[in-house]
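**Student:** Given chain A, work out where chain B should sit, using these hints.
Note that the protein sequences, when read in sequence, are chains A and B. Residues are numbered in the working numbering as their position in the first sequence, beginning at 1, plus a constant of 122. Every letter in the second sequence is one number past the one before it in the working numbering, and letter 100, counting from 1, is 88.
It is worth saying that the hints were derived from the structure and are not from the lab. Only a predicted model underlies this, so the values are computations on that prediction, with no experimental measurement involved. We treat Cβ as the ideally placed atom computed from N, Cα and C, and that holds for glycine. Among the hints, erroneous ones may be present.
Said to hold, decoys possible - In silico BS3-like pairs for lysine-lysine, Cα to Cα no more than 25 angstroms straight-line:
1) LYS147/A - LYS167/A
2) LYS66/B - LYS40/B
3) LYS167/A - LYS(-6)/B
4) LYS99/B - LYS193/A
5) LYS215/A - LYS176/A
6) LYS193/A - LYS50/B
7) LYS193/A - LYS40/B
8) LYS40/B - LYS99/B
9) LYS71/B - LYS167/A
10) LYS(-6)/B - LYS99/B
11) LYS50/B - LYS40/B
12) LYS71/B - LYS(-6)/B
13) LYS40/B - LYS164/A
14) LYS193/A - LYS176/A
15) LYS164/A - LYS71/B
Stated by the list, open to error - Which stretches of chain A does chain B cover? Using the computed rule of at least three CB atoms under 8 angstroms from a CB of chain B, they are:
16) 126 to 135
17) 138 to 150
18) 153 to 167
19) 212 to 219
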Amino acid sequence: MAMLHLVNKSPYDACSLDTASSIMKGDDSLLLIEDGVYAAVKSGKAAARLAGLKVSVLGPDLAARGIGEDKLIDGVTVVDYAGFVDMVEANDKVQSWL
Amino acid sequence: MSDTKKFMYINRKAPYGTIYAWEALEVILIGAAFEQDVSLAFIDDGVYQLTKGQDTGGIGMKNFSPTYSALGDYEITKIYVEKESLEERGLTLDDLQHLVWEDEDEDWAEKDSIRLVSRSELADVLATQDVLFNF
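Next up, chain A with everything else stripped away, as it sits in the complex:
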């Protein structure tokens, strides 16, 4: 029973990434959207929270914020809105950490 976790807050401004990443298990995936995308920046302090997790980021939100894909930690997948829908469909539940 895999769950998709959505985080839309900056990890430097809210604790939602901390909670989400520590509650994730098994085949769960994490999709970073809106200000949540900042967590995936390589050499940022929050990047350590993503170690060992299946992580995707929403491309349009990255582009809006001027964060190039070359700035991301290795292993992170960039998805578009259609990819977002695919992830929702591929998981049994969606947990949105507002």
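**Tutor:** Positioned in the frame of chain A, the structure of chain B alone reads:
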């Protein structure tokens, strides 16, 4: 006695996720018309406001980041960016827009607006201000 006060606008929020950054710019530009001695500080998630290459085409919001490069024309020439906030977020000055102003006393020489400061240097700057606005 001079009516000019030292105004400091402190920006601590990322753009687009909330309206704070955009509203701050509106207030800053209006305030600039009153010929005060204006400084801006970007700390915590506020440093994200200045990243270069922002492209909001995919999220259906207005890209207001080009406005920062117009601040020099409004005689806003002191933009403090906190070093610790950048480093914690894995960013460097190279990830930010190159903001400049033209000095009319030196034949319109182009000068950098951004001053990279440590937290303790920023504390000293804040101590010299008359009015603080927070966004």
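**Student:** State for each hint whether it applies.
**Tutor:** Hint check:
The hinted pair formed by LYS147/A and LYS167/A meets the criterion: a straight-line CA distance of about 22 angstroms does not exceed 25 angstroms. Annotation: proposed proximity of LYS66/B to LYS40/B holds, straight-line Cα distance about 19 angstroms (limit 25 angstroms). For the hint pairing LYS167/A with LYS(-6)/B, the CA-to-CA distance comes to about 34 angstroms; that exceeds 25 angstroms, so the pair is violated. The hinted pair formed by LYS99/B and LYS193/A fails the criterion: a straight-line CA distance of about 28 angstroms is larger than 25 angstroms.
For the hint linking LYS215/A to LYS176/A, the alpha-carbon distance of about 16 angstroms falls within 25 angstroms, and the restraint holds. Proximity of LYS193/A to LYS50/B is assessed by CA-CA distance (about 23 angstroms); at most 25 angstroms being required, the pair is judged to hold. A hinted pair counts as satisfied when its Cα atoms are at most 25 angstroms apart, and LYS193/A with LYS40/B qualifies at roughly 13 angstroms. The hinted pair formed by LYS40/B and LYS99/B meets the criterion: a straight-line CA distance of about 18 angstroms does not exceed 25 angstroms.
With a C-alpha separation of about 14 angstroms, the suggested pairing of LYS71/B with LYS167/A holds against the 25 angstroms cut-off. About 21 angstroms separates the Cα atoms of LYS(-6)/B and LYS99/B, which keeps this hinted pair within 25 angstroms; it holds. Distance check on the hinted pair: LYS50/B and LYS40/B sit about 15 angstroms apart at the alpha-carbon level, within 25 angstroms; holds. Between the alpha carbons of LYS71/B and LYS(-6)/B the distance comes to roughly 23 angstroms, so the proposed pair stays at or under 25 angstroms and holds.
Using a Cα cut-off of 25 angstroms, the hinted pair LYS40/B and LYS164/A holds, with the two alpha carbons roughly 17 angstroms apart. Between LYS193/A and LYS176/A, the direct Cα distance comes to roughly 18 angstroms. Compliance with the 25 angstroms bound is thereby established for this hinted pair. Taking the CA atoms of LYS164/A and LYS71/B, the gap is near 17 angstroms; set against the 25 angstroms cutoff, the hint holds. Coverage of a stretch by a chain is defined here by at least three residues with a beta carbon nearer than 8 angstroms to that chain's beta carbons; for the region 126 to 135 of chain A and chain B the count is 5, and the condition holds.
As drawn, the region 138 to 150 of chain A meets chain B at 0 residues by the rule of a beta-carbon pair under 8 angstroms; below three, the given contact is violated. Here the region 153 to 167 of chain A counts 8 residues with a CB under 8 angstroms from a CB of chain B, which clears the bar of 3, and the coverage holds. With 0 residues bearing a CB less than 8 angstroms from a CB of chain B, the region 212 to 219 of chain A misses the requirement of three and the coverage assertion fails.
Hint check: violations occur at hints 3, 4, 17, 19; the rest are consistent with the structure.
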